[in-house]
Amino acid sequence: MHTNFIKDLSLRVRLVAGFAVVILLTWILGVTALQRIGAIYDITQTVYEHPLAVSNAALEVKVGVWRLDSAINNLFFADSPARVDAIVREVAVLRAGLGLKMRVIESQFLGKSGDVLEVYGALEGWGRTFDDIVALIKAGKTAEAHALHDSRVSGLEAGFDREIGDIIDFARTKATVLSQSALQQVERARADLLALLAALTLIGLLTSLLITRGITNSLAVLRDRMTLLAEGRLALAIPFLERRNELGGMARALQVFKESAQRLEDQRWLKSHVAEISLALQVAENREAFGTVLLGRLVPLLGGGIGLFSIRAEDSGRFVLAGRYGCDDDLADDHAFTAGLGLCGQCVVTRQSLLVDEVPEDYFRIRSGLGATRPRTLALLPVVSREVTLALIEIGALGSLTPLQRELLEEVAPVVALNLEIMERNLKTRQLLRQTRQQAASLTESEERLNRQAADLEEANAQLRVQTEELEAQTAELQASEEELRVQQEQLRVVNDQMAEKNRILEDQAAALRRSQAEAEQRAVELTLASRYKSEFLANMSHELRTPLNSLLILAKSLVGNQEGNLNADQVESAEIIRDSGTQLLSLINDILDIAKVESGKMRVVAEDVALPGIADTVSRRFKGMARVKGLDYKVVLAPDLPEIVRTDGGKIEQILNNLVGNAIKFTERGGVTVTFCRHQAGSVPNPVGIKGDVVAFSVVDTGIGISESLIDRIFLAFEQGDGASNRRYSGTGLGLSIARKLARLLGGDIFVHSEEGRGSSFTLVVPVAPPLIDATESLPPVAAPVPPEDAPAVLPPPFVPDDRETIRGGDRVMLVVEDDRSFARVVAGIVREKGFKCLVAGDGESAVLLASRFHPLGIVLDVGLPGLDGWGVMERLHAQADTREIPVHVVSGADTDARARQMGAVGALTKPVSAPQIEEALARMVRAGGGTPPRRLVIADADAGVRAALAGLVGADGVQIAQAASGEAVAACLRSAAADCLVIDIDLPGGGPALLESLARMRAEGLPPVIILSDRDLTREEASALRAFTDTIIVKSGRSEERLLNEVRLFLHAVSATLPLGQRPPPPPMVASAALKALAGRTVLVVDDDMRNSFALSKVLRARGLRVLLAQDGRKALVQLDNNPAIELVVMDIMMPGMDGCQTMREIRKEARWAALPIIAVTAKAMRGDRDKCLEAGANDYLSKPIDTDELFEMMNRLIAG
Amino acid sequence: MHRSELQDIEVQLFIEAMRLRHGYDFRHYALASIKRRILALLDAFRVERVVDLLPTLLDDPEFPAQAIARLSVPVSELFRDPEEFLVLRERVLPALRSWPQITIWQAGCATGEEVYSLAILLSEEGLYERCQIFATDINDTALAKAEEGVYSLAHLREGSVNYRKAGGRFEFETYYQTSYEFGIIDRSLRKNIVFAHHNLVSDGVFCEVHLILCRNVFIYFDRSLQHRVLELFAGSFARGGFLCLGTKENLFPSEIAADFQIIDPKRRIYQYQPKNLHPSPGPAPWMPDRSN
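Respectively, the protein sequence lines represent chains C and G.
Residue 815 in my numbering sits at position 815 of the first sequence, and the numbers go up by one each step.
With positions in the second sequence counted from 1, the corresponding number in my numbering is that position plus 10000.
Please note that the accuracy of each hint is not assured.
The calculated lysine-lysine pairs, modelled on BS3-like cross-linking and capped at a C-alpha distance of 27 Å, are [stated by the list, open to error]:
(1) LYS502/C / LYS10266/G
(2) LYS835/C / LYS10275/G
(3) LYS10248/G / LYS502/C
(4) LYS101/C / LYS174/C
(5) LYS1174/C / LYS10145/G
Simulated from the structure, these hints should not be mistaken for laboratory data.
All chains, please: the whole structure from these sequences, using the hints.
Put into C-alpha cells, the structure is as follows:
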C-alpha cells in the first residue's frame, strides 16, 4: 500500500520534493555560517574599541604633557607680558584638549580606575605648577619661577610617565587577550561549518539518488519494451499500465502503438501472403499447375493438412478437380460436382465461403506416414468473379482457424479469381498468339517480297523524277516559247484581221465613195431643185413680208410726224428708229427677193436693144446729187468705140450699176468716182464664164478705202456677214454685190474687182454684146448668196487702259485683251507685254470686235462678263466675220465655262482667279493655234568662221534670220540687239560655257532662248550636268549628229517662248504667296536624283518659291552634301538610282543620329502600295508619285518643315 | 453552262482578285494569253480549278512573286533576232552618239539576255561608258536570274551564232567566263546596268531615256494598255529618243503614236519626235483601288 502510493506519485511531485530538500539544507548551512561570522565580528570590535582607543589617548596625553612642559620653558624666555599671555592662552587650549582625552581614557579603560585618577592627579599637578610659574613670572619673580619649575617638574615628569605607562601597558595586555579569544572563535566556526556541509551533501545525494532511480528505472523498462516492439516482438506485455502517473500514460500509449503495430503486422502478413500467392499463381501456365501452386501455398498458411481445388469446366456447370494437397489418390480422382449439389455445389451457388468447425470424427482423415488424424475444421471457399463462381477451394485444417487465417481466406479469394481469369485469358491469348505468329510468318515473307519490289519501283521512280524534272524544265521553256509564238500568232492574226478590216473598210469606202458620188450627183440635182423651191418660197415670203412692213412703215412715219403733238422727243426718236429699221428691213427684203428671184429662176432676162448712152445718162443723174453732197468728183465716161446699141437687159444693167456706183460713193470720202463704158475685143479680159465674142465693160473706179487683198475674194460671198459690225455703221443690207454678180452672170457676163487698200477699188461689169439667152436656173451654180464686206475704217473707241495701239506696226505680234475690270486688264496686259507681244485692251464687246477686225491680233484673251455685248456675243461676231473668224480666242471667266467655251471654238478657258503662268500658257496656246509667226532669228556661235558658215548653210531656211558670233561677248551683243529664237553654241566657244549662259539668262528679262550646245568631244557627267541647267540639248558631233541638230533647230524655231521646257523658261514670278509658302522661302532643300531632267525641273520650281536648292546625283553624293551642309532642312529623294538607290541612301541617312529627324520625301515611279511601304520603312517621312504634282509637294513640305 | 464559259468566269475572278488583293492588274493583258498562263498555274500549284487558287492568292503574301514568275513569259536568247541588233548597231547607236550621256531602258528584260547583248553592242561601239542602262521587269525571279548573268553553255553557243549574224566581229567567248556547264557574263558588261522591278501597268516614268527596248511585250497587252505604256515611254523619252519593239509588234494609231516616226518599219524601230516642246509627263500615276 505504502510502496504503491510512492510508485503512483507523479514524477513532478518527486522532483519538486527532491529540490525542496536540497534548498532547505542550503539554508541551514547559510544561517549557521552567518551566526559564526557575527560572533567573530563582536570580538574584533571589542579589540578595537578598548585597548586601541585607550592606548592612543594615553599617548596623546603624554605628548600634551610634553608640550605643556615646553610651554613652561617658553615662559622663562618670554620677553614681554604679552608673550606670556599668548603662552597662557596656548596652554589653556592644550589643557582643554588634555581634558577631552582623559575623558576618553576614563570611559574606555577596563583596568583599575585608580590608575586614571592618578593620571588626573599628575595632570592637576602640572596645571598648578604652570599657574604658579605664570603668576611668578608675572610678578617678575623669575628666579622663584625657575626654582619652582626645577623643584616640581622633575617630580611631575616621573609620576606622570609612570601613571600613563601603566595605562598603556594594561591596554596592550588587554588587546592580546581579546585576539586570542577571537582566534578560538574562528576555529570553532570552521569545524562546525565543515560538519554541516558534509551532512548536507550526504542528504542531497541520497535524495537525488532516490528520485532518479524511481524515474529512470521505469523509463528504462519502457524503453526496452519499445525497442523490442520496434524489432517486431509484439507478443511482449507492457508494464506500468495500471500506474496513474506519467509512466502509466506512456505505457498505455505504448500499448496502443503495440496494438496497431500488431494490426499492421497482421495486414502485412496477410498482404504479403496474398501477394506471394498472386505472384506464384501468375507463373502457372495451366489449370493443374494453378491448383497445385494455390493449394501448396494456401494450405500450410491455414495450418491445414488437406486441400482440393476444383474449377468450373468450360462450357458446363460441372466443377472438376484441378489440384490437390495431401489427399489420397482415391479421394480425389472422381471428385467432380455440379453447382447446387452437395456442400460444394451449395457453396458454388451461394458464393459464400463456408467454415465447418468440429468436423465429425468419421468425416475424413489426414494421413502421414506416422499416422492419421481427423481435421478440426473444414473450409470451403468459392472463387467468384463478376458474380460467377469460377472455382472452389476446399481445405481441411488441423486446428481451428484464427481470425487472421479467415481473413486470409477472404482476401485470397478475389486474388485467385483474378489470377484465374488472367490465366484463362492468357491461355486463350497464347493460343491466338500462336495462330497470329503463324500468320505473321507468312506475312513477313510476302512483305519482303513486296519490299524488294518497292525498292525496285523507287529506283525507277527516282529515275523518272529526274527525267520528269528535265522534261518539266524543257516543257516550261517550250511552253514559254510556245506561249510567245502563240501570242505572236495571235498578234499576227489581229494584224491580219486589221488588214482585212482595213481592206474591207477601204472597199467599203470605195463603195461609199461611189455611192456618195452618185448621191452627190443626185443631191446636186435635188439641191438645185430645193434651192429653187427655197427661192420660190423666199420670193413669195418677201411679198408677204412687205405687206405688213409697209403698214408698219406708214404708221411709223405718221408717228414721226407727230401731227397730234402728243409725243415727247423720246417717243418720236423711238418712232424714228422703228421707221429706219423698217426701211432697212424693207430694203433687205427687196434684196432677198432679188436673190430669190435669180435663184429660183423667176428673174427673167428681157433681152432688148439697149442704148448705152441712155443708161449712162440715168446713172449719171442718179448719183450726181449724192456725189455733190460728199464733195466727190463724179463722172460717167463713154468710150468712143462703144456700140450704140447692145442687146441685153437694160434694167438689170442699171440695177447692177446702181449698186456698184452707190457703194463707190458710200465708201469714198475724198477724190472721185469714175464710171467708164467701153468695148473690149474678145479675149482681152479675164473671162471665167467663157464669153465668146465682144463684150461691153462698165467699170466703176473710186478713190475710197479699197479692199484688202485677203477680203477681195469674199466680197461677193459671205451671206453670213449680214450682221457684221461695219454693216450697221454704213447701213445697207450687204446683199447688193451678191445680187449684182448674180444679175451679171444672168446676163452672160460677170463682175471683176481690182482694189488696193487705202487707194481705191475698181469694179468692172462685163456683159456680152450679144448675150446668149440662157436659162438662169441651169447656168447658175446654186451658191448661197454672199455679201460684200463693208471694209470701212470704223472709228475706234478710246483705249480702255493705255495700250500699244499707237505703236503697232506691220509684223508685230499683237494680243488683244478684252476685260472690263480695269486693274485686271492692266495685269494681263503686263503679262502679255512681258512675253514679248504688243497688247491691245478693250473694255467692252463692241470695241473688242472692232479692234479684232482692225488689228487682226494673234489671239484674244476674252472675258465673258462684259457690258453690252458679252463674251459669247463677241465670239459669235468674230466668227461671223471672215477676217476675224480664225483668230484664236482664250476665254477667261468668273464661272466654269470650259465646256461652252470649247463648243464655241475657243482654244481654252480659264476660271478666275487666274495665275500668271496660266495666262502665259493661254498665250502660248493661242500662238500655237494661230500657227503663223514672223521670221525667226537664230544665233550661231563658233570660233571658227568656216564652221559657222557650214552650220548656217545646214540650218538656214526661209524665214530664218541667222546671226553669227565668234565669242561669248559677241553672242551677248547679238542678243542685246535683238531677241533670238534659238542659240547654237559650240561647247568650247571662247567666253562660252555655263558662265556665259548664266549671264545671258540674267541679261534678258524673258530668260534664255532655247540653246543648243554643240560639242566635238565627249562630255563628263559634271560638264553635262552644269550645262543641263540651261539646256537639255547637247549634241556631240558624230556621224549622225547633223540630223539631230537640224531637228532640234527646226523644233525651236517653230515653237514660241511660252512653250519652252521648264528648265529654260524664266521662273514664273511668284504670285500672291500664301503665308505658308512664304514660310518655305529661304529654306534649304537637297534634291537627290540621278536624272538631270527631273532634278532641274524640280529645282526650278523650288527656286521659284524662294527655296535654296542643292542637288546630288546619287546616294553617295547626297551623304556628302548632307555632311557639308548642315543647313539642309529637307531631302527630296528619288528611289530608282544606279549604285546606291534611294532606299539604301535613306537607311544610311537614318543611321546617323543627327539626321534621324531630317524630313525626307521619297519620289517614286512605282505605284503599288508595297513599293511605297518600302520607302516609309527605309526612313522616308512621306512619298510622292512621279510625275510630281508640285502643289502636293509644297503642301507636304509645308507640313514637314514650315509648320 | 459550258465548261469553258465557267473557266472564263474563274479567270476573271482570278484577275480581279490579283488586282484587289495585290495590286497587280492583268485586266488589260491579252485575254487569250493570260488565260492560258493562268491555266498553266494550276499544275504548278497542284489544284484542279482556277478558283482553287483563290484561297492561296488571298492568304499568301508571297503568292504574286510565285505566280508572276509563271504568268509572265520570260523567253529570250542572246542576240535574239540578230537583224534587229544589226539595225541597232548601224542605225540607232550612231544617232545615240550625239548625246553626251545616254540612258537606256530595257522594259521587260526577262532573264537578261537581251540587255547583255545590248551591252556587248554598246561596248563594241565604244558607247558603253557613257551609258546608264535600266533593265526592268515585273518578274522578280527572272530579274534575279538576269542580275546573276549566268547562262548555260548551250544557250551561250546559240548566242554566239546570233552574235555573228548581228554583225559581231570579235570573239564572243571573251564576253563570259565559263565554269562547268555555265558561263557568267563579264563583270565589266554589268557595271552600268541597274536591274529593277517596274510594272508597266501601274508604275510611272522614272527618268529621261534615249533608247527604250521593249520587245515582245506589247503582244501580251491589249490596246488600251499598249496605249498606256506608249504614254509612259513618251513621258520618258528625250526628244529624238529611239524605241525598239518586237518584230511582230505595231503601234496602234493614236495621237501619241503620231509622235513616233518609223525609222525601220521591218524591225519596228521608231524615233520620238514630239510635235511640241512640252515634255509629256507620262500617264497619270495608277493607284490600285483597294477596299481594305
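A quick look at each hint next to the structure:
| no. | hint | result |
| --- | --- | --- |
| 1 | LYS502/C / LYS10266/G | 20 Å, holds |
| 2 | LYS835/C / LYS10275/G | 22 Å, holds |
| 3 | LYS10248/G / LYS502/C | 18 Å, holds |
| 4 | LYS101/C / LYS174/C | 19 Å, holds |
| 5 | LYS1174/C / LYS10145/G | 22 Å, holds |
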